[in-house]
Amino acid sequence: MTKTSCLRGIVLIDDILSARGRRLGLLPAHGLSILLERNGIRVLFNTGPSLKLLKYNMSKAGVEMNDIDYVFISDWKSYHSGALDGMLEICEVKEVFAPPITRSLTLLKPQKTESISFIGSHSPQRLFEGFYTTGILWKQWYAEHALVFKLSDDKIAIFLGCSAYGFEHFIEKARELGRIKYIVGGLHLSARNTLGLFALRRLLEEEGVEGVIPLHCTSLEARKKIIKWRGILEDVGGGVEFALY
Numbered sequence: 001m002t003k004t005s006c007l008r009g010i011v012l013i014d015d016i017l018s019a020r021g022r023r024l025g026l027l028p029a030h031g032l033s034i035l036l037e038r039n040g041i042r043v044l045f046n047t048g049p050s051l052k053l054l055k056y057n058m059s060k061a062g063v064e065m066n067d068i069d070y071v072f073i074s075d076w077k078s079y080h081s082g083a084l085d086g087m088l089e090i091c092e093v094k095e096v097f098a099p100p101i102t103r104s105l106t107l108l109k110p111q112k113t114e115s116i117s118f119i120g121s122h123s124p125q126r127l128f129e130g131f132y133t134t135g136i137l138w139k140q141w142y143a144e145h146a147l148v149f150k151l152s153d154d155k156i157a158i159f160l161g162c163s164a165y166g167f168e169h170f171i172e173k174a175r176e177l178g179r180i181k182y183i184v185g186g187l188h189l190s191a192r193n194t195l196g197l198f199a200l201r202r203l204l205e206e207e208g209v210e211g212v213i214p215l216h217c218t219s220l221e222a223r224k225k226i227i228k229w230r231g232i233l234e235d236v237g238g239g240v241e242f243a244l245y
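Residue numbers for the sequence shown follow my numbering, so the first one is 1 and each next one is one higher.
Misleading hints may appear alongside valid ones.
Below 25 Å or equal to it, Euclidean Cα-Cα: the simulated DSS-like pairs (lysine-lysine) are [claimed, not checked]:
1) K55 to K109
2) K155 to K228
3) K52 to K94
4) K52 to K109
5) K109 to K94
6) K112 to K55
7) K55 to K94
8) K112 to K155
9) K112 to K94
10) K150 to K94
11) K112 to K52
12) K109 to K139
Bear in mind the hints are in silico, worked out from the structure with no lab data behind them.
Sequences and hints are given; from them, build the entire structure.
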C-alpha cells in the first residue's frame, strides 16, 4: 500500500445527535454504529442496540443494509451488537468479526454464528484488505477488540467501541500496525475523569495524533474538550459524515 487510501464513514447510531443527524431525522440511542466505506467495500462497525433503530436510521441516512459486506463487533454489549441476529436474518454479509463469547450473564450471546469469525488472537491480525483487528483484550467475563484501518504503509485510523479496559491499551496494540493518525469512537471518558482526559491529551501529543471523533461513551463535556484539542469535526454525533486520508 504505497498511496494514501481514503476511508469514508457516517455515524448511524450514537448517544447524541449531530446537527446533520437532527436534520435527517435520525434517532439517538445509547450505543454505537458506524458505516465505513473504501473502494466500494462497506463495513459496519457495531450495529447499535436494535434492528428497528438501525433500519430506521439507515433509511433516513440513505443507506441500504443489503449493501454491507462485513460487520465488525467490538464487544457483546447489547448496545453494540443488539441488531446483529436480526440483521443476519434479512441480509447476507461476507463475514462478521467478533470477540469470543464469554460467560457473562449481562452480555449478548448471538444465535446465528455461522458467518461469525471469532477472534482469538491477542495481537493485531489482518481481516481483509486494509482492515485489521487489534487483537482482543479478554478477561473471564468480557472481551473487546478494536478495528484498525491502514491509511498508508505507516499511518492508521483506529475505531473504538467501548474502551472498557482503557483506550490506551488498544492504542498500544494498534501501534504495531503504524502511526495512529485518527481515533474514532467510544473513549469511556467523562469530563470528571481528569486523569483519563490528561492521559488522553498526553497520548495525542506523544503519538502525533492528528484528529479525533469522540462518540458513544464519551460525555458531551468530554467531547467538547477533545474536539478543542484534536477535533476533526466541530460537531459530532449521530449523522455526521467524515473522510479520513
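Evaluated hints:
1. K55 to K109: holds (21 Å)
2. K155 to K228: Cα-Cα ~23 Å, so holds.
3. K52 to K94: This hinted pair holds, its Cα atoms lying about 22 Å apart.
4. K52 to K109: Given pair K52, K109 holds - Cα atoms ~19 Å apart, limit 25 Å.
5. K109 to K94: Answer holds: K109 to K94 is near 20 Å, not above 25 Å.
6. K112 to K55: Status holds; Cα separation ~19 Å.
7. K55 to K94: holds (19 Å)
8. K112 to K155: violated (35 Å)
9. K112 to K94: holds (14 Å)
10. K150 to K94: Distance of about 20 Å is within 25 Å: holds.
11. K112 to K52: Since the Cα atoms of K112 and K52 sit roughly 18 Å apart, the hinted pair holds (cutoff 25 Å).
12. K109 to K139: holds (17 Å)
Hint 8 from the earlier list is the only one contradicted by this structure; the remaining hints agree with it.
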